[in-house]
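A.B. asks: All chains, full assembly: derive it from the sequences and hints.
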Amino acid sequence: MSTETTTMQKQEHTGTEGEARPVQNRPVYTPAVDVIEREDGFVIVADMPGVSLDQVDIQLEDDVLRIAGRRSELEPASGDLIYKEFDACDYERAFTITDEINRDKIKATVKNGVLRIELPKAEKAQPRKITVHAE
Amino acid sequence: MWPILNRIDMGVDPFVELNRLHRQMSRHFDESYREATEYPVLNVHANPEQVTVILEAPGLDKDKLDLTLTGNTLSVAGERASGENNDKDVVLRNERYPGRFTRSVRLPYPVNPDRIRARYEQGILRVELPRSDESKPRKIQVEA
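Protein chains in written order, with our numbering: chain A, 1 to 135; chain B, 1001 to 1144.
Please keep in mind that the hints were generated in silico from the structure rather than gathered at the bench. Wrong hints could be hidden among the right ones.
Distance condition first, Cα-Cα at most 25 Å in a straight line; then the derived SDA-like pairs of lysine to any residue [what the hints assert, rightly or not]:
| # | chain 1 | residue 1 | chain 2 | residue 2 |
| --- | --- | --- | --- | --- |
| 1 | A | Lys105 | B | Arg1093 |
| 2 | B | Lys1062 | B | Gly1078 |
| 3 | A | Lys84 | B | Glu1079 |
Facing chain B, from chain A, some residues (calculated, C-beta under 8 Å) [said to hold, decoys possible]:
| # | residue |
| --- | --- |
| 4 | Glu37 |
| 5 | Gly50 |
| 6 | Tyr83 |
Listed next, with one range per pair, are the computed distances between beta-carbon atoms [stated by the list, open to error]:
| # | chain 1 | residue 1 | chain 2 | residue 2 | range |
| --- | --- | --- | --- | --- | --- |
| 7 | B | Ser1132 | A | Arg26 | 46 to 54 Å |
| 8 | B | Arg1115 | A | Thr109 | 32 to 40 Å |
| 9 | B | Val1091 | A | Arg26 | 27 to 35 Å |
| 10 | B | Ala1081 | A | Pro76 | 26 to 34 Å |
| 11 | A | Pro76 | B | Asn1112 | 17 to 25 Å |
All C-beta atoms, glycine included, are put in the ideal place defined by N, C-alpha and C.
C.D. replies: Structure, rendered in structure tokens:
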């Protein structure tokens, strides 16, 4: 399994120079993700509640696929906050991808606050059945 | 602060619990993860007229959300599909909450069950619960 797990590894945020930061002074969280490898590609599913498709930013630079979700402010609720488990926040996470992926065919959708990215494998990376002929 | 009830476990699946524990522990080692260990996390707002409960519940089917009011307790239950995986798939990461959940909140005062409104948008469930007329404070005239 070790080859599969090194194919897509989470990269730690290093806060490199020039990296886009959220405008507001809000916390940036690492969204919970599922990463699944299929025969023909990878699927990344990330929880980003409160984020719609136009607030998602996906960038592929060299080997790093960076996903960011900028969440709009929640509609204010009347009254005092009497119990709190979450804050308004933004989401960021980065993955290292390899040449195994067909970079032109990466697709992303957002539904009910869940970002789903499909990364099809390049033709050559897909398993091919080789028929052996007996002479 | 009004008292809020913690999550009530109903029909606890030991594997789901183990999963939850594992997630909790993993998160202690990575501070950038959110502190929350429950699904869904929630905030409660209140004024003397209305309580608003906001839950971050990404990836649910609106029609499968089950909201119930029992006395002063609001319960939100549902199920998150654990995925579309088949046997050939290799799961490289699995951090998202799977399966069934129930969360309950004790409300600070009785609410009018006929006027509760709930909305689910972009993975956020918002429930507005107006206070019942009977429980509203009444001004008492003092006679001379």
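A.B. asks: Take the hints in turn and mark each one as holding or not.
C.D. replies: Hint-by-hint comparison with the structure:
Pair hint Lys105 (chain A) plus Arg1093 (chain B) holds up; C-alpha atoms about 22 Å apart against a cutoff of 25 Å. Distance hint between Lys1062 (chain B) and Gly1078 (chain B) is fulfilled; the C-alpha atoms sit about 9 Å from each other, no more than 25 Å. Annotation: proposed proximity of Lys84 (chain A) to Glu1079 (chain B) holds, straight-line Cα distance about 23 Å (limit 25 Å). Against a cut-off of 8 Å between C-beta atoms, the interface hint on Glu37 (chain A) holds, since the closest Cβ of chain B lies about 4 Å away.
For Gly50 (chain A), the interface hint holds, the least distance from its beta-carbon to any beta-carbon of chain B being 5 Å, beneath 8 Å. Hint on Tyr83 (chain A) holds. Least Cβ distance to chain B is approximately 4 Å, under the 8 Å limit. For the hinted restraint 46 to 54 Å between Ser1132 (chain B) and Arg26 (chain A), the CB-CB distance of approximately 36 Å leaves it violated. Restraint check, Arg1115 (chain B) to Thr109 (chain A): a C-beta distance of roughly 36 Å satisfies the suggested window 32 to 40 Å.
Here the CB-CB span from Val1091 (chain B) to Arg26 (chain A) is close to 31 Å, well matched to the stated 27 to 35 Å. Taken as a hint, the range 26 to 34 Å holds for the pair Ala1081 (chain B) and Pro76 (chain A), whose Cβ atoms sit roughly 32 Å apart. Between Pro76 (chain A) and Asn1112 (chain B) the CB atoms are about 22 Å apart, so this pair conforms to the stated range of 17 to 25 Å.
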